[in-house]
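**Q** What follows is each chain in one-letter form.
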Amino acid sequence: MSAADTASPPRRRPTSPRSGRGGGLGRLGAARELGVLLALAALVAVTAASNSRFLSAQSIQDVLLSAAILVVLAVGQTLVIVTRNIDLSVGSVLGLAAFGTGELLSSAPGTPIPLALLFGLGLGALCGVVNGALIAAARVPALVITLGTLYVFRGVDHSWAAGEQINAADMPRGFLDFGTATLLGVPVLALLAVAVLAVVATYLRSYRGGRELYAIGSEPTAARLSGIPVGRRVFGAFVVSGALAGLAGVLHAARFGTVDATVGTGIELQVVAAAVVGGVAIFGGSGSAYGAALGALLLTTIGSSLAVLRVDPFWQQAVVGGLILAAIGLDRLLAARVAGRPGRRRVLHGA
Amino acid sequence: MSPQSRPTPVPFRTGAAVLALAALLATAACSGTTRGDDEEGGGGDRATAEADPDAPLAEGLAVAFLPKQVNNPYFTVADAGGATAVEEFAGEYKEVGPSEASASSQVSYVNTLSQQGTDVIVTAANDPNAVCGALNGARSAGASVVTFDSDASPECRDLFVNQATAEGIAEIQVQLIAEQIGGAGQIAILSATPNATNQNTWIGLMEEELAKPEYADIELVTVAYGNDEDEKSFQETQGLLRSYPDLAGIVSPTTVGLAAAARYLSGSEYRGEVALTGLGTPNQMREFVADGTVESFALWDPADLGYLAAYAGAALASGQITGSEGETFTAGELGEYEVGADGVVVLGPPTVFDAGNIDEFDF
Amino acid sequence: MVRDTLYARSQDAPADRGTARTNRLAALVRWETAVVLALLLVVVGASLGVDGFADGRNAEFLLLDAVAVLLIALPVTLVVITGEIDLSVASTLGLCSAVMGQLWLSGWPLELIVVAAIALGAVLGAVNGLFVTGFGLPSLAVTIGTLAAYRGLAFVVLGDQAVADFPTDWTRAAADTVAGGALPWAMVIALVLAVGFGVTLHLTPFGRQLYAIGNNAQAAAFTGIPVARAKFWLFVASGAVAGLAGVYWTLRYASARADNGEGLELSVVAAVLLGGVSIFGGRGTLLGVLAGVLLLATLRNALQLADVRADTLDIVTGVLLIASVVVPNVVALARARRRRGRPT
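Residue numbers (the UniProt record's numbering), protein chains in the order written: chain U, 1 to 351; chain A, 1 to 363; chain C, 1 to 344.
Check the hints yourself; a few may be wrong.
Stated by the list, open to error - Have a look at the derived ranges for each label pair, beta carbon to beta carbon:
id, chain 1, residue 1, chain 2, residue 2, range
1, A, Glu179, U, Leu55, 28 to 38 Å
2, U, Ala42, A, Glu179, 43 to 53 Å
3, U, Gly266, C, Val44, 32 to 42 Å
4, U, Ser107, A, Gly332, 46 to 56 Å
5, C, Ser106, A, Val221, 26 to 36 Å
6, U, Ala42, C, Ala332, 46 to 56 Å
7, U, Leu183, A, Arg271, 18 to 28 Å
If you're looking for bench data, these hints aren't it; they were derived computationally from the structure. C-beta: ideal position from N, C-alpha, C; glycine also.
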């Protein structure tokens, strides 16, 4: 995306997310998502071949339900990674929001569900404001800030919970039912995740602000020179990422019905993996929310498949790590091929 | 000990380089120290003083609880029981500990406590050996060391307060599942991690129990591992139900696994079809007993466990007991306890919770 | 090497670059002085205000706890100075520890296992280095990937069982002190290594090249500095030292486990940045990092003795990490703004 493109853009731009990086990369992105889809199909086929119940309605429902939380997180992460940043604090934000919502619902059982969702969303957004303000105002790498807030938010969560656990019996029945409810056979949580995905994907694809996020990630300096409010956009991306992590916290509370201060520990690795596997380039500027969601679905399905195939669960983390490496390696390889030059472009880490 | 044979781990792929190095060094190291060379006992300095059963409990004892991790609900309840006991014998109570349950993280806390001149350290060890050196250091600095819930190596503590005998825990769970599935059918176990010592001891004993003639019609098909994580336990429960369509029941001897499995079953088509029992806390399970997902389950009262451990520590520090087999002491309102072999004190048989009594408990 | 020296010098040649560096050096000295002063302040304050702090035994405990972080911080300092980062160090430690346990179970002699663990660390570091320099991938992404992968492999190797029957004379040696005093032998070894890394960084042409790479990798490459090769070997060093830290960890806690050192990368990165190394590369000294490591360890020890809860300790570590990057950057931004605002 050139500087002139964004100087006086129309309200809506009917371009594809990756068009800014040339048709080659646009096709590449689609191919990348297709690849994840194929991997997913292969995985399901192999698992189903060994156990046909893997394709039962209940089983598919279970996978969708499991994936919902990771999809919401991965979509939020996409907004941040696209700007060449990273948010490692999402696991702690999720934990904080899950506990906060649990606390709210156990002390005020009459709270309507939409209000509980908004509460978690708000709590997460607050954490996102902290991240975003530090990163955008002080111009320091997101990696360091969110690594720090990962511990700070978790510490706050621990102090708040003080060893307390909120159990299913403490939360209103309606909220718990919401966690397992289905609409026409599809879990409500999954529908919610799809709604979030659709909104974010549309924003990234068709709105000026979304396009600018890609511009920032491709060339931060050029973006700044062309008049894009880089600080404000990056700040916004972190607030939304935080808010979505907060929403995921509420979904977690509804789904599992048990919340303590350790909820969501370590999930940030899976989130980053989901986004990267789904084709969101870690060095910013390309990738789509759909890809990240597919990545999340793939990772969840791997977890379910390992369980159905009765594989030692210890393999799962190694697989996640391997997938991250494979995905970034593959991206680099494809990008180099499309660009028609050797993959030696130097890429700065961090912001 | 693990009932399921895991694939033999490949130590590392990058073996080639290391192997070359190994070959180079093999000659140099042929006289090296290998496993089994060293048979020297760890040797803690056991208290040599005589026990005086009539000694009164000392006042003002500094008692510190060091759980596997602070902020763990189970230990919060257990430590609160300890606090009650310490208040009764007019000591000073405090709870310290790491925020993550790793093997090494407790060591610096033990060191800190010994540095502070704590009289009694009550701890649940994350790793039986990692804390050993530090605990012995604290003992030689004058502290009495009681472990509870998870023991450290016997040579580095004075007493271990066991929640129930492993046999008792295994028996009650087999009995509960047998009742719930009508004495016949396939069952599976949903455990924590494949190498969790407690879990594997219980699973081993459950297998022995199932071999008895009265359980001849029950078949244990597999053991699944939910790693004590909600999501993984969910997925493993689902995996069990897919892999074994005729499954009649699941036993989960871990509170995380039981709660997750119950939550899954209660919202699935299997509710009421597949029986579920194991070890869980009444607060976590209340909902699922009420909605019929779980008929009954078992556990000990963690508050009682902490309470007993605190009294045991006070008895040690006051010289009533030294930790030798056959000594007795009084643990407040729980009554009299006797020290068994290897310095182990057993709290008592586990309590079974069902719809009839669950509302009498709050933990 | 002679050629390298020449290029390193030519890198310094432009006048404006030279003055910029002098300014930076001055700012740096101030930051390091601040860290050392903070360290002294904590030591004095804790000695007066916290019971049991000023005591030989406590000093021994404190230093033993600091060894692993200090060891790993040494090579990571050099890595960060070149503008890269290694987040996989704690997982490397864990994997080396797990492999140690597995090799011990299969009857290898311990001397050989120690060597193998360090070699394995080097190989794991080389994998990072290969991804970063060979494929041109960002080290942040690579080492987040290997952070997950190495830790996962550690669990694949050893599960969550512990191998604990290491010979007691070895495990005792890991916590042994010089002449029965407060200074652990392990700390002596770490300090000797620190001197080695310090000399390499500050007194050799190679060290100067690292700063040049961190300041501007492209310019450094144009002046003929073998950027990729230098980075590759730093990652290897980082892995090897993490392997050594794994050996220390395993013996000190007498327990080989896959989860050993989990989360340690935060302490390492925090200590390095607190010590005045710039996350953007090109700036920092080893002495500052040494002070940073000791400041964090002392603060933790003193707060723990003062019965501050673990949650608060985590918050303090996180805040220090954030402050150590935000404060210098905000100061620099403010100064730049003031300078720009001044009429010339």
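**Q** All the hints need checking, so say for each whether the structure fits it.
**A** Against the structure, the hints come out as follows:
Between Glu179(A) and Leu55(U) the CB atoms are about 35 Å apart, so this pair conforms to the stated range of 28 to 38 Å. As the Cβ distance of Ala42(U) to Glu179(A) is approximately 44 Å, the hint placing it in 43 to 53 Å holds. Between Gly266(U) and Val44(C) the beta carbons are some 38 Å apart, a value that agrees with the proposed interval 32 to 42 Å. Remark: the range hint 46 to 56 Å for Ser107(U) to Gly332(A) is contradicted by a beta-carbon distance near 33 Å.
Taken as a hint, the range 26 to 36 Å holds for the pair Ser106(C) and Val221(A), whose Cβ atoms sit roughly 32 Å apart. In this structure, Ala42(U) and Ala332(C) meet the distance hint of 46 to 56 Å, their C-beta atoms being roughly 51 Å apart. Checking the proposed 18 to 28 Å range against Leu183(U) and Arg271(A) shows it holds: the Cβ atoms sit about 20 Å from each other.
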